[in-house]
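*Asks:* Each chain, written out:
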Amino acid sequence: MTRLVEVPAQFDDRSFDQFAGAFAEANKDGERLLFDAHAAEWASPYGLVGLLAAGQAGRRGGSAGSADRPLLTVPTNPDVLSYWTRAGFFREAAELFEIHGKVPRAKAAEQSDVLLPVTPVRAAEDVHTVVSKIQQRASAILASELELDPKATMGFAMALSEACQNIVEHAGTGGWVAVQAYHWRRKLARRVVVIAVADAGVGFRHSLEPTQSKRFGDRWGDAAALEAALVQGVSRFRDPGRGQGLAGIRRYLVRWDGKIAIRSGTARIAIVPKWDEDVPLKDGLPPFPGAQVLIIIPEQGSTEP
Amino acid sequence: MIQYIDMHAVLQQSVSSIYTDLVTRPTGRVVRERIEQAIAGRGETGGPGGAGEVTIARMDFTGVGCIDYSCADEIVAKLLRDRPAVLVLSGISEGHREAIEPVLTGHGLATLIERPDGTLDVLGAAGAAAVLLDELVARHFAARRPGGTYALTLA
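Line by line, the protein sequences are chains A and B. Throughout the first sequence, residue numbering follows the numbering used here, covering 1 to 305 in sequence. Throughout the second sequence, residue numbering follows the numbering used here, covering 1001 to 1155 in sequence.
Looking at chain A on its own, in the form it has when it is part of the complex (with noise of 0.2 Å):
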């Protein structure tokens, strides 16, 4: 037996929690998954980088047999077929996904938006990796089409770093990240730079839990282990130090005007800037596992919505 898990149409953090209640229900059982995304007609790096951690925990039996992993049938639309090729998402999903649909040749690397394709986050090593490569390729982007200081461009390493190390520190597993610069019409009508995170990991309140649970009696769950990591700087860690990381991305945030949302398990925590209408905290959502991180840093300029 298959049970099937539709792709949104439209695959982003808003339809992510539609996308995690069909995960859930489908992955109750134990059952082979199907994830339909024939009829995607378009991602965001947060959808590519939340289907590959989708893809991570829906394997079977903990081998690489093809049996064990997950089904995918590829978008039908060529365009969107050529964007997930080119973002670099068939590259990491052929090792987790057993796929249907012929996806086209990876070409050499080109000039676009996609400012680091898909890319898998295992060790520290791949961090430096990461944060090499976006130096060299993001720099010029933030400074000339976001109009940032160019200031900005080493804190949105520093961010991308951050961000990179909460899956080798806490999800006890690999991840994966993205980011894209893109016309964001939705919203600002105006450009954006979006750093996607995912991981199918242990997420923050399996990973907080031996330190903060009992500060937090019978409010501790998802949402409380959120906000002790995100607002109170809380990490699992006894060293002082520990806990810089998601205080600097939000610094960073504050002064470029960017948002952060964090979802891990049932709940999702957002710092809010004003030209968004997202909510600071969501509970009692469908659970997925891991975490799943968005930053979103505007063009510069008027930001009203």
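To be clear, the hints were calculated from the coordinates, so they are not data collected in a lab. Please note that a few of the clues may not be correct.
[Stated by the list, open to error] Residues from chain A shown here face chain B by an in silico Cβ test under 7 Å; the list is partial:
hint : residue
1    : Glu162
2    : Gln165
3    : Ala270
4    : Ile271
Bear in mind that the values here come from a model prediction, so they are computed numbers and not experimental data. The beta-carbon is built from N, C-alpha and C at its ideal position, and this holds for glycine as well.
Since chain A is already given, all that's left is putting chain B on it; use the hints.
*Replies:* Just chain B, lined up with the frame of chain A:
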């Protein structure tokens, strides 16, 4: 005596010759341990930095691309907490400063930055910075220049 520490070289010796960024906790830990060994080694030689004499470590960040908050904490904050030497940071860019300053302020720590013209600037918590500068002047490691700026007295 001032000990010169080339942060870019230490990074490349510690992790990989292809990296120019001080990022991640594990990298910060390895780099800090190398610096601690270098400072301790200097003390053991019985040379000018030997028994009873305080070492000033000039940490030159020239050639270092990015430093993240984790590395700023793992290297600069931990070295300041353990006090194996008085730290003076040089070759610091605005981006480096952005990572290091909030980390030090959060710990109530401070260090000195040496500008290209040799004048000193403080970085970190204001109270700790004032104490540090007073201490260096009292020990004749730094002196007030005409115009109110400070500079190291040792080369």
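*Asks:* So, for every hint listed, does it hold in this structure?
*Replies:* Structure-based check of all given hints:
no.: 1; hint: Glu162; result: 6 Å, holds
no.: 2; hint: Gln165; result: 6 Å, holds
no.: 3; hint: Ala270; result: 21 Å, violated
no.: 4; hint: Ile271; result: 16 Å, violated
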